[in-house]
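The listed protein sequences correspond, in order, to chains A and B. In this text, residue positions in the first sequence follow this note's numbering: the first is 746, and each later residue adds one. In this text, residue positions in the second sequence follow this note's numbering: the first is 746, and each later residue adds one.
It should be emphasised that the hints constitute simulated quantities derived from the structure, not laboratory data. Fair warning: there could be bad hints in the mix.
No copy is singled out in the list; a pair is fine if it fits within one copy or between any two copies.
Unchecked claim - Heads up, simulated SDA-like pairs for lysine to any residue below, C-alpha to C-alpha not over 25 Å straight-line:
(1) 1297 <-> 1204
(2) 1322 <-> 1189
(3) 847 <-> 1246
(4) 972 <-> 1322
(5) 1006 <-> 1018
(6) 1200 <-> 901
(7) 870 <-> 1339
(8) 1006 <-> 1155
(9) 1045 <-> 1008
(10) 1301 <-> 894
(11) 877 <-> 913
(12) 1125 <-> 1279
(13) 1145 <-> 1232
(14) 1014 <-> 1090
(15) 1242 <-> 900
(16) 1045 <-> 1021
(17) 972 <-> 1154
(18) 1322 <-> 1201
(19) 1045 <-> 1019
(20) 1094 <-> 1010
(21) 877 <-> 1009
(22) 847 <-> 1344
(23) 971 <-> 902
All figures in this text were calculated on a predicted structure; none of them were measured in a lab.
Listed here are the chains, written in short residue letters.
Number of protein chains: 2
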Amino acid sequence: MAASAPSSSAGDPDPNSTNLRPPSTTYDAWCGVAHGCTRKLGMKICGFLQKNNSLEEKSRIVSALKEQSSKNELENSERDARFRRTEVDFSNLFARDLLPAKNGEEPTMQFLLEVVEILTNYVRKTFDRSTKVLDFHHPHQLLEGMEGFNLELSDQPESLEQILVDCRDTLKYGVRTGHPRFFNQLSTGLDIIGLAGEWLTSTANTNMFTYEIAPVFVLMEQLTLKKMREMIGWPNGEGDGIFSPGGAISNMYSVMVARYKYFPEIKTKGMSAGPRLVLFTSEHSHYSITKAGAALGFGKENVILLRTDESIIQTHERPHKSEKVGIHTWVSQGNPHDLEAKIIDAKQKGYHPLFVNATGGTTVYGAFDPINEIADICEKYNLWLHVDGAWGGGLLMSRKHRHKLNGVERANSVTWNPHKMMGVPLQCSAILVREKGILAGCNSMCAGYLFQPDKQYDVTYDTGDKAIQCGRHVDIFKFWLMWKAKGTIGFEQHIDKCLELSEYLYNKIKNREGYEMVFQGEPQHTNVCFWYIPPGMRGMPEGDERRERLHKVAPKIKAMMMECGSTMVGYQPQGDKVNFFRMVISNHAATRSDIDFLIDEIERLGVDL
Amino acid sequence: MAASAPSSSAGDPDPNSTNLRPPSTTYDAWCGVAHGCTRKLGMKICGFLQKNNSLEEKSRIVSALKEQSSKNELENSERDARFRRTEVDFSNLFARDLLPAKNGEEPTMQFLLEVVEILTNYVRKTFDRSTKVLDFHHPHQLLEGMEGFNLELSDQPESLEQILVDCRDTLKYGVRTGHPRFFNQLSTGLDIIGLAGEWLTSTANTNMFTYEIAPVFVLMEQLTLKKMREMIGWPNGEGDGIFSPGGAISNMYSVMVARYKYFPEIKTKGMSAGPRLVLFTSEHSHYSITKAGAALGFGKENVILLRTDESIIQTHERPHKSEKVGIHTWVSQGNPHDLEAKIIDAKQKGYHPLFVNATGGTTVYGAFDPINEIADICEKYNLWLHVDGAWGGGLLMSRKHRHKLNGVERANSVTWNPHKMMGVPLQCSAILVREKGILAGCNSMCAGYLFQPDKQYDVTYDTGDKAIQCGRHVDIFKFWLMWKAKGTIGFEQHIDKCLELSEYLYNKIKNREGYEMVFQGEPQHTNVCFWYIPPGMRGMPEGDERRERLHKVAPKIKAMMMECGSTMVGYQPQGDKVNFFRMVISNHAATRSDIDFLIDEIERLGVDL
């Protein structure tokens, strides 16, 4: 191990500070002089000095610095505590040498700084378009072990040097989801404030279940949920809510709460205590509604899928410019008439309609169900209305686009994932409920060892018992910090910009040779769905042969993209439609040039297919 | 904003690198000279130069450096990219000035380094016993706003200076869960390798659902789960598993999978397609089993609680030294005889026994159910056996203590939370299942937009469809990295040390004046449960008055501990037992002196109660 300079500030001597070097070396003598200079600079110079052996050299530099220092004011004492890097040989250090080990402070700080250097270099390169999005390898290649990178675990410890190599390699063989040309998921981008928030969250390493051990985070969650409820439009932002591990779990909460509202005895007696309950959601909605139905004991076949009507678009192009604001008859909507017909049908069969999910931004098309029309039907039949705004909820932050969710204030519950459209790091998903206290009613088990009623503070702030989890990760801080740093207007600008970019893409390709749009009309969200028709296929007549060939185009182009690492975009089939590209934009680093790049890349890779 | 020096390495020119300073200043001229020196040193000196105005001074230093550089070899080009701190005025910078903003690289790096300084100072102080564990404030105090710290969110952005203050204050008013004297939860301690792993995880910011976007993490999860299954003792480590957001969800998985195994049609048709299913678990087990029963549609009353028999301890003191290894007749066990009686009773009522949960380390007592005895009964009646080793599973890493889980290899599923006894940062919980493929069978919905069968790689590595989540946080990396860094033997040492410490505590207080143990005999895990009897109560006769007074002692001492911030330990009532302290040790920073401190503190604070 190399040198150590005192790390505590002069004004605040730290009894626990350690000095790993043997005392009284020549180096220390010189270093002491350097420290006599302005402290921070002294420490930096110190790092230089230890690597140089010419005393004459050192003498000259140090005396120059010393003269300099006498002219400088004493620096702010808080600044004094700043870290500095020294050269440390990590090949002889192990995890056991780090804190809480005796004399562990210096290697701990040096190790963490080394990690931070790896991470900041990664961040820097992620935003650099000359960096590849990924360096693709097949599973068997990574499993067989790349040079110096072996995934296997063993009984014996590895040196910290190897651990640092492992960190570098983990990033090297991963995917840069923050790269300006990564368009593969609904969650993209690397927000620097959010990143800082995550680093702090993991350093705090606490748990959301009680105010006792997460006082600040619990209050941040409470305030942020209230703000979100205000944006939904519930009076005074009243209601309930919690951050959950993702939109699927948030949607599961909505079904649980609906069941508890109408049939509270099911909590105690089970599903057999109620009638045969049915749930409704559109065939284009997220699969998590059906998954929740299966998990919670309703059964998949009691989740009734509503037909969507893509033809309606023909008569309502650009509905947000019509006067019918709030009725977004659009592709992929849950057709309200079909909903009412299916409710009546279910009742006639003796089933009990319980719950309707309206999607605010479907996963593939980005379509918004007509919430107001659906809400009318829910009110008429006394059903729970949930809005799955996992993907589209972010549009509530935009004055220009929030009308697409008109009627959301009539929902009983809303899923909203800031980790999607709002660029918050994974994971960050909220379930918001209009009725206060119902989450606790639904989920509480009153475990005495966690939720003691006789604490010295107001225990209504202990939120653990309203969750289906016990321990719960702190997902709020990064989001709260981003909101502080950007303001509501910052999120609005981000969202408006992403929607403008998707409009740019749509306009660029809608009449371009070799492209066919999957649905007609301008997208409501940033989803642009299209087929690319390679030149060799352009004259082919419609029919099975063309369909089969077209079905293979997107997977082939995607595979080539991944292998050359230039960009990533999703594709999938849907219903009777063969594989098509689904372009989505939530990445704040993306620009028009990246959209142009994507199109060029598709054409370059697809030319011979 | 202050200066910027080129940050890319000389050998690898970066076309996107930015220089925030206007060109051709005197500063740049000098800086260029400095850069001509060894590059890394040049950058450091550059930071110094920009703060000094004397050209003569600069001239002298720079020429010294230049001479020096000619003697030095070219430095490793990777090292060249190292960061350095400069003085930046963050009060005029905002989130919008950071990457991906034009010229955003320099402020981004400086901002992140500033955050890292806050975090490393926090880490340093966390391990310093002169630091308080917490600085307690009531919810209303924090909500009203502390000086300079306002939790409210607004429309307009805050400066990065304010964001940094917010980061500092968030930590200041939080709880140091890594402090050597924080004993409040099953998850304590701050592992430096785990922390580095979390920082990397959030920088990678990806999602576990497909190999496509998390290739390395998906493979790490697969290998680590296999290793855990090997430690459980399943042949060749075969089976299934997934990391989930906490032990409660892992336990919920076990119930879902059991139901799917015996009644797969319930996935499609709902609970009404099966008989009335009942689950069994001990009254001392974690409440998440009952919670799962309520959520999944079984109903709370179909989760049958088994009596525990604390008297058995009298005849089997130190059972692990007897020959009956594997039959841990101990306090808080799920009494096997009661289990069989209740199974028979349920069948007679026409119910269908489905599932038994045996706890490997109960939350309050740390007791281990006799797994082999329970497994015998499960086999006899063809029931699913789950072992909830959320807290005790870590003991499988210890050759000395793993016998407490003897029989675990007979379980059908196991919950094991590395974030508890193994000190992995939150969250890290695994559900492990003996039968391969059953998680996917139970949960798959085959969403075409995520899990395309026509990808270029082996899509069996796409794990998303076996989860109840859609997106899933990367919980594996920190754990994998810790395992690499410590080796299996490092975890073993950690666990053995924590158990030794609890033995030390037990021996210290078992006969000490003023202490009564809640259960007799040596604890099996690190849980030491005791009442402290203040001097003024020591002569009191047994009875309601004494009970009522004793019930208030632990909450009062705990409140005082929190208000002076010296230490934290949990308390709770259980059954007919009034509030008692539950001491647990999972913190690798704790030593005997911290145990002594805790006892001194209880006596100091409780003397007048």
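Comparing the hints with the structure gives:
1. 1297 <-> 1204: between (58 Å within a copy, 16 Å between copies)
2. 1322 <-> 1189: Result: close only across copies, 22 Å inter versus 45 Å intra.
3. 847 <-> 1246: Between copies only: 18 Å across chains, 55 Å inside a chain, cut-off 25 Å.
4. 972 <-> 1322: neither (40 Å within a copy, 42 Å between copies)
5. 1006 <-> 1018: both (14 Å within a copy, 23 Å between copies)
6. 1200 <-> 901: Neither: 44 Å inside a copy, 37 Å across copies.
7. 870 <-> 1339: Answer is within: at 16 Å inside a copy they meet the 25 Å cutoff, but 45 Å across does not.
8. 1006 <-> 1155: within (16 Å within a copy, 40 Å between copies)
9. 1045 <-> 1008: So residue 1045 and residue 1008 pass the 25 Å test inside a copy (19 Å) and across (14 Å) alike.
10. 1301 <-> 894: neither (29 Å within a copy, 53 Å between copies)
11. 877 <-> 913: within (15 Å within a copy, 35 Å between copies)
12. 1125 <-> 1279: For residue 1125 and residue 1279, the Cα distance exceeds 25 Å both inside one copy (50 Å) and across copies (63 Å).
13. 1145 <-> 1232: Result: close within a single copy only, 17 Å intra versus 55 Å inter.
14. 1014 <-> 1090: For residue 1014 and residue 1090, only the inter-copy Cα distance (18 Å) is at most 25 Å; the intra-copy one is 27 Å.
15. 1242 <-> 900: between (51 Å within a copy, 18 Å between copies)
16. 1045 <-> 1021: Both. Shortest intra-copy (12 Å) and inter-copy (19 Å) distances satisfy the 25 Å Cα cut-off.
17. 972 <-> 1154: Cα proximity of residue 972 and residue 1154: one copy only (14 Å, versus 49 Å across).
18. 1322 <-> 1201: between (61 Å within a copy, 21 Å between copies)
19. 1045 <-> 1019: both (17 Å within a copy, 14 Å between copies)
20. 1094 <-> 1010: both (23 Å within a copy, 21 Å between copies)
21. 877 <-> 1009: neither (53 Å within a copy, 45 Å between copies)
22. 847 <-> 1344: Classified as between; 24 Å across copies, 58 Å inside a copy.
23. 971 <-> 902: between (47 Å within a copy, 19 Å between copies)
Comparing the model with each earlier hint shows violations of hints 4, 6, 10, 12 and 21; every other hint is respected.
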